[in-house]
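*Asks:* Residue-level listing of the chains:
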Amino acid sequence: MLLPFAGLFLGFLIWPLLNALYFAFTDFNGVTPPSWTGLDNFRRLWFEDPRFRTALVNSLIYVTCTVTLSTVASLALAVAFRGTSWRDRVLRTIFFLPSVTSTIAVMLIWRWIFSGERFGLANTVLSWFGADPVSWLSTPRWTVPLLVIMAVWGGCGYGMVIFVSGLNAIPDELYEAARLDGATDWQQFRHITLPQLKPVTTYVVITGLIGAFQVFEAVYIVFRGVSSVGGVQDGGLMLVPYLYDLGFTRFQLGYASAIAWTLFLIIFVISMIQLRVTRALREW
Amino acid sequence: MGRLLRLPLYLAALTMLVPFYWMAAAAFKPVPELTRNPPSFVPGDPTLDAFYEPSYDPGVRADQTVAGLFQRYPDVPGGFLRFMGNSLFVAATITVLSLLIAALAAYALTKMDLPGRRAIFVVVVASMMIPWQVTLVPNYLIVRNLEWLNSYQGYIVPALAKAFVVFFLVQYMRSIPDDLVHAARVDGAGEFRIWWRVVMPLMRPALAAMAILVVLAEWNNFLWPLIIVQDDTMANVPVALSRLNASNAFNPNNMAVIMAASLLTSLPTVIFFLAFQKHFTRGIALSGIKG
Chain A
1 MLLPFAGLFL GFLIWPLLNA LYFAFTDFNG VTPPSWTGLD NFRRLWFEDP
51 RFRTALVNSL IYVTCTVTLS TVASLALAVA FRGTSWRDRV LRTIFFLPSV
101 TSTIAVMLIW RWIFSGERFG LANTVLSWFG ADPVSWLSTP RWTVPLLVIM
151 AVWGGCGYGM VIFVSGLNAI PDELYEAARL DGATDWQQFR HITLPQLKPV
201 TTYVVITGLI GAFQVFEAVY IVFRGVSSVG GVQDGGLMLV PYLYDLGFTR
251 FQLGYASAIA WTLFLIIFVI SMIQLRVTRA LREW
Chain B
1 MGRLLRLPLY LAALTMLVPF YWMAAAAFKP VPELTRNPPS FVPGDPTLDA
51 FYEPSYDPGV RADQTVAGLF QRYPDVPGGF LRFMGNSLFV AATITVLSLL
101 IAALAAYALT KMDLPGRRAI FVVVVASMMI PWQVTLVPNY LIVRNLEWLN
151 SYQGYIVPAL AKAFVVFFLV QYMRSIPDDL VHAARVDGAG EFRIWWRVVM
201 PLMRPALAAM AILVVLAEWN NFLWPLIIVQ DDTMANVPVA LSRLNASNAF
251 NPNNMAVIMA ASLLTSLPTV IFFLAFQKHF TRGIALSGIK G
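Going down the list, the sequences are from chains A and B. Position one of the first sequence corresponds to residue 1 (UniProt numbering), numbered consecutively onward. Position one of the second sequence corresponds to residue 1 (UniProt numbering), numbered consecutively onward.
Rather than coming from a laboratory, the hints here were simulated on the basis of the structure. All C-beta atoms, glycine included, are put in the ideal place defined by N, C-alpha and C. Careful: at least some of the hints might be erroneous.
To be verified - For the chain B half of the interface with chain A, some residues (derived, Cβ under 8 angstroms), not all of them: (1) Leu17; (2) Asn37; (3) Leu81; (4) Met84; (5) Gly85; (6) Leu88; (7) Asn139; (8) Asn145; (9) Leu146; (10) Asn150; (11) Phe164; (12) Leu223; (13) Met255; (14) Thr269; (15) Thr281; (16) Ile284.
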């Protein structure tokens, strides 16, 4: 009864994973057989490739900002709208809507909103304050901040749901005891809610990190430049878009596999940290 | 503190809805209104042209008439509905099959005396940290060698082994008493019968939560279809949307059509979510708490 799963698991996950590792050490265009080049791909990637450096730096900035902002936002939303009244439920639904909407559809909407013309919504709002229109999508400086805005808008509802269930798992007695001792709302939040939420917060942060490193659609749809997927001057180039660009528009499959394994290593390290932290929290 | 926090959050909730409103409004604007400056917030003269433009004539090139969504794709039988059908079929098939496969595996791992089942479970859980994009290139080659590019098998088969679903179902199945299974064995029932008749009915809440997560993820799946679909006929909705965008990006007259398509893509998932909200949030919450 394990067989169907085991077969598919080995055939389409483990075997491809090992294959990708092998390709990462080869020069391979998908047509002629791969030729072994040793560590050459990784050497080029880590020491010589300016586009990879751009992708990595963009990813790191994007991931840091997105995870910080959306964790804080989803915690605030969860604290404010944790109740069972219809008003809280409606508001939770509103914040969750982006998580169920097709990512591509959402990205097309953002593309229209940030249109560089005067009829773009963002530029209209600017014009109310007398500012000149900005060509949002073709200004490299704006690319990562816009991606962060879109990601926080799209992701805060998901974290909120997890935080709400975490909040509801905190025993009421703790708050009652604190209130008897005269603790203010802020003190209760600081000394009961936050410590009790530690495992949940860890989970939200770590899954957020892993998800953010894998961003693709936003870059591909909103910022796709004329000649590459990274946007104007690669302003929004990140790891997975770069992987796609090399693998499926330039057919450097070996080199793309080296990027894939780099991504895997990053996520592996994050997951290891999570294991450590959860274990530490459990003992603590 | 609750009160103080709430007011700005109500405002935030309103701004959350702005992109959705902008999409819906744009989908019903006639062409000249789309590029009006400043833009109109309520379509002054709402129209269904973005879906179907009666005066459109493919033989005549005019600036003010563009083909409605359902008039496009003359080579694709069914047009845009075909893409919705593709998405629906692929998402439904993957959901049913992957859940059955995962439930079988979970049963084997929790209720049967499998040698090394602990080790297998550890490998499955560990595999959850593999970003699936790592397997993109090799899986593309496998599917190409099987000549499954541009086919439903190419969509479906590589997506069937879901480690996360196995993990989740194992956790849930552990709460089902082994005595039930033993009793059924004593009565002479085979393993498949016990799995289907005894265990699966008790798993309903867990299966529902997982089904909803998988359906939505597959309906919205983009990168894999983008790579394996070459022919328009086989596109799912996200790929069709992205192609629609790519071929019309520089002509704002087509924006209403793109927004109409986005609207039609999002509506089913939103309705689906509203209908199954309870299962949905429970699935996410459970995965979060146990993680």
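*Asks:* Identify whether the interface hint at asparagine 150(B) stands, where standing means a beta carbon of chain A within less than 8 angstroms of its own.
*Replies:* With Cβ-Cβ at 15 angstroms, over 8 angstroms, it is violated.
*Asks:* Let's test the interface hint: is any C-beta of chain A closer than 8 angstroms to that of leucine 17(B)?
*Replies:* Since chain A brings a Cβ to about 6 angstroms from leucine 17(B), closer than 8 angstroms, the hint holds.
*Asks:* Regarding the hint that asparagine 139(B) lies at the interface with chain A, is the smallest CB-CB distance below 8 angstroms?
*Replies:* Given a least distance of 5 angstroms, the restraint on asparagine 139(B) holds.
*Asks:* The hint names glycine 85(B) as touching chain A; please verify it with the least Cβ-Cβ distance against 8 angstroms.
*Replies:* Since the shortest Cβ distance to chain A is 16 angstroms, the answer is violated.
*Asks:* Once the shortest beta carbon distance from leucine 146(B) to chain A is found, is it less than 8 angstroms?
*Replies:* violated, 11 angstroms
*Asks:* Asparagine 37(B) was flagged as interface toward chain A. Is the shortest Cβ-Cβ separation under 8 angstroms?
*Replies:* holds, 5 angstroms
*Asks:* If you take the shortest Cβ to Cβ gap from asparagine 145(B) to chain A, is it below 8 angstroms?
*Replies:* Result: violated, 11 angstroms to nearest chain A Cβ.
*Asks:* May I ask you to test the interface hint for phenylalanine 164(B) with respect to chain A, counting a Cβ-Cβ separation under 8 angstroms as satisfied?
*Replies:* violated, 11 angstroms
*Asks:* For the hint on methionine 255(B), does the least C-beta distance to chain A fall short of 8 angstroms?
*Replies:* This hint holds: methionine 255(B) lies near chain A, its Cβ roughly 6 angstroms from the closest one there, short of 8 angstroms.
*Asks:* Holds or violated: threonine 281(B) as interface residue toward chain A, Cβ cutoff 8 angstroms?
*Replies:* holds, 5 angstroms
*Asks:* Tell me if the interface restraint on isoleucine 284(B) is satisfied: Cβ within less than 8 angstroms of some Cβ in chain A.
*Replies:* Hint holds; isoleucine 284(B) Cβ to chain A Cβ min 5 angstroms, cut 8 angstroms.
*Asks:* Please verify that hint: methionine 84(B), Cβ, nearest Cβ of chain A, below 8 angstroms or not.
*Replies:* Result: violated, 11 angstroms to nearest chain A Cβ.
When held up to the earlier numbered hints, the structure conflicts with 3, 4, 5, 6, 8, 9, 10 and 11 and fits the remainder.
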